[in-house]
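**Q** Sequence:
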Amino acid sequence: MATIPNQRIKQMKDDHLFHIGINVPKDDVSKLFGDVKFVCMGGSAKRMAAYARLMEERLTAEGQEPYNYAQSTDRYVLYKVGQVLFVNHGIGIPSLSTVLQEIGKLLFHAGCSDVTFFRLGTSGGIGLDPGTVIISEKVVNWELQQQWNLPVLGKMVHNPAVPNKEIYSKLKAIADSLSLPNCLGTTMCCDDFYEGQGRLDGPFSSFSDEDRDAYLQHLQDKGVTNMEMESVGFVALCNKMNIPCAVICVTVVDRLKGDQITADHDHILQWEKRPIQIFFEYMKKHHLK
Numbered sequence: 020m021a022t023i024p025n026q027r028i029k030q031m032k033d034d035h036l037f038h039i040g041i042n043v044p045k046d047d048v049s050k051l052f053g054d055v056k057f058v059c060m061g062g063s064a065k066r067m068a069a070y071a072r073l074m075e076e077r078l079t080a081e082g083q084e085p086y087n088y089a090q091s092t093d094r095y096v097l098y099k100v101g102q103v104l105f106v107n108h109g110i111g112i113p114s115l116s117t118v119l120q121e122i123g124k125l126l127f128h129a130g131c132s133d134v135t136f137f138r139l140g141t142s143g144g145i146g147l148d149p150g151t152v153i154i155s156e157k158v159v160n161w162e163l164q165q166q167w168n169l170p171v172l173g174k175m176v177h178n179p180a181v182p183n184k185e186i187y188s189k190l191k192a193i194a195d196s197l198s199l200p201n202c203l204g205t206t207m208c209c210d211d212f213y214e215g216q217g218r219l220d221g222p223f224s225s226f227s228d229e230d231r232d233a234y235l236q237h238l239q240d241k242g243v244t245n246m247e248m249e250s251v252g253f254v255a256l257c258n259k260m261n262i263p264c265a266v267i268c269v270t271v272v273d274r275l276k277g278d279q280i281t282a283d284h285d286h287i288l289q290w291e292k293r294p295i296q297i298f299f300e301y302m303k304k305h306h307l308k
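When the count follows our numbering, it moves up by one through the sequence shown with no breaks and lands on 308 for the last residue.
The hints are simulated quantities; they were obtained by calculation from the structure and are not laboratory data.
Among these hints, one or two may not hold up.
Derived Cβ-Cβ restraints for the label pairs, each shown as a range [to be verified]:
no., residue 1, residue 2, range
1, S91, K241, 40 to 48 Å
2, F226, T22, 38 to 46 Å
3, K241, P263, 22 to 30 Å
Given the structure is predicted, the values throughout are model-derived calculations rather than measurements.
Positions of the beta carbon are idealized from the N, C-alpha and C atoms, including for glycine.
All chains, full assembly: derive it from the sequences and hints.
**A** Next up, the structure:
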């Protein structure tokens with residue numbers, strides 16, 4: 020069963036999962052979600068809807084439009100197709116942590132067991148061609164530490180963030196078998212899209228081109244392969260709930276060559292399908308219903 024360290028949750032008569040529009044026990048979550056084995060998360064609501072449709076097509080010839088269980092809200096989407104949940108988490112750890120914790124509580128109330136979480140996303144590569152799939156063997160914060168630091172009641176709490184080695188090793192083998200350009204890598208999680216990632220195309224310019232280039236080279240020298248804004252929080256929260264997890268991101272730009280994402284829309288859509296292709300192959304090996 021999904022692990023919720025807070026014992027108070029067991030004593031609550033009602034639990035309103037406000038941001039995904041589900042009320043326990045009003046909604047029969049055991050019946051609706053009790054068979055869930057995988058949760059796929061990504062930033063974009065449209066991308067998660069597209070992934071859910073692809074999953075539906077794999078299960079049924081008709082490929083029916085998946086139902087959004089969070090349709091009463093406007094922040095997140097929540098689709099269930101077979102034994103898989105597809106959830107968008109928005110941009111950045113604050114947005115991700117809110118919905119991930121509510122999904123964790125949902126699975127707990129539903130009595131789910133042996134669930135694995137995946138973040139399927141996009142990222143900026145460092146010295147890697149756009150379209151390369153990076154399977155995270157490490158996720159680090161801006162200080163290159165494998166932890167998510169969160170102020171709680173005025174004190175800093177350090178939450179370890181360690182991806183599951185067994186899972187990322189299997190994902191790497193699958194990516195190889197699909198002949199997708201890929202690597203195991205170290206994903207750096209940033210608190211900002213522009214200055215926090217050393218971009219020079221934002222509204223502020225607090226550093227020089229030379230400083231930016233030296234910083235990105237420093238990251239590459241330290242083994243960082245890509246940058247995004249959710250991985251450390253995602254992995255740390257899964258670790259806290261004792262849920263195995265993995266991060267699969269495709270690169271849409273090589274940051275050593277520029278800041279702007281210049282690839283055309285069709286190329287990006289094709290690249291975005293690569294993480295879900297890997298997940299589908301992983302899922303097949305578990306004989307889901």
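**Q** For each hint, tell me whether it holds in the structure or not.
**A** Quick rundown of the hints versus the structure:
no.	hint	result
1	S91 with K241: 40 to 48 Å	holds, 45 Å
2	F226 with T22: 38 to 46 Å	holds, 43 Å
3	K241 with P263: 22 to 30 Å	holds, 26 Å
Checked against the numbered hints given earlier, the structure satisfies every one of them.
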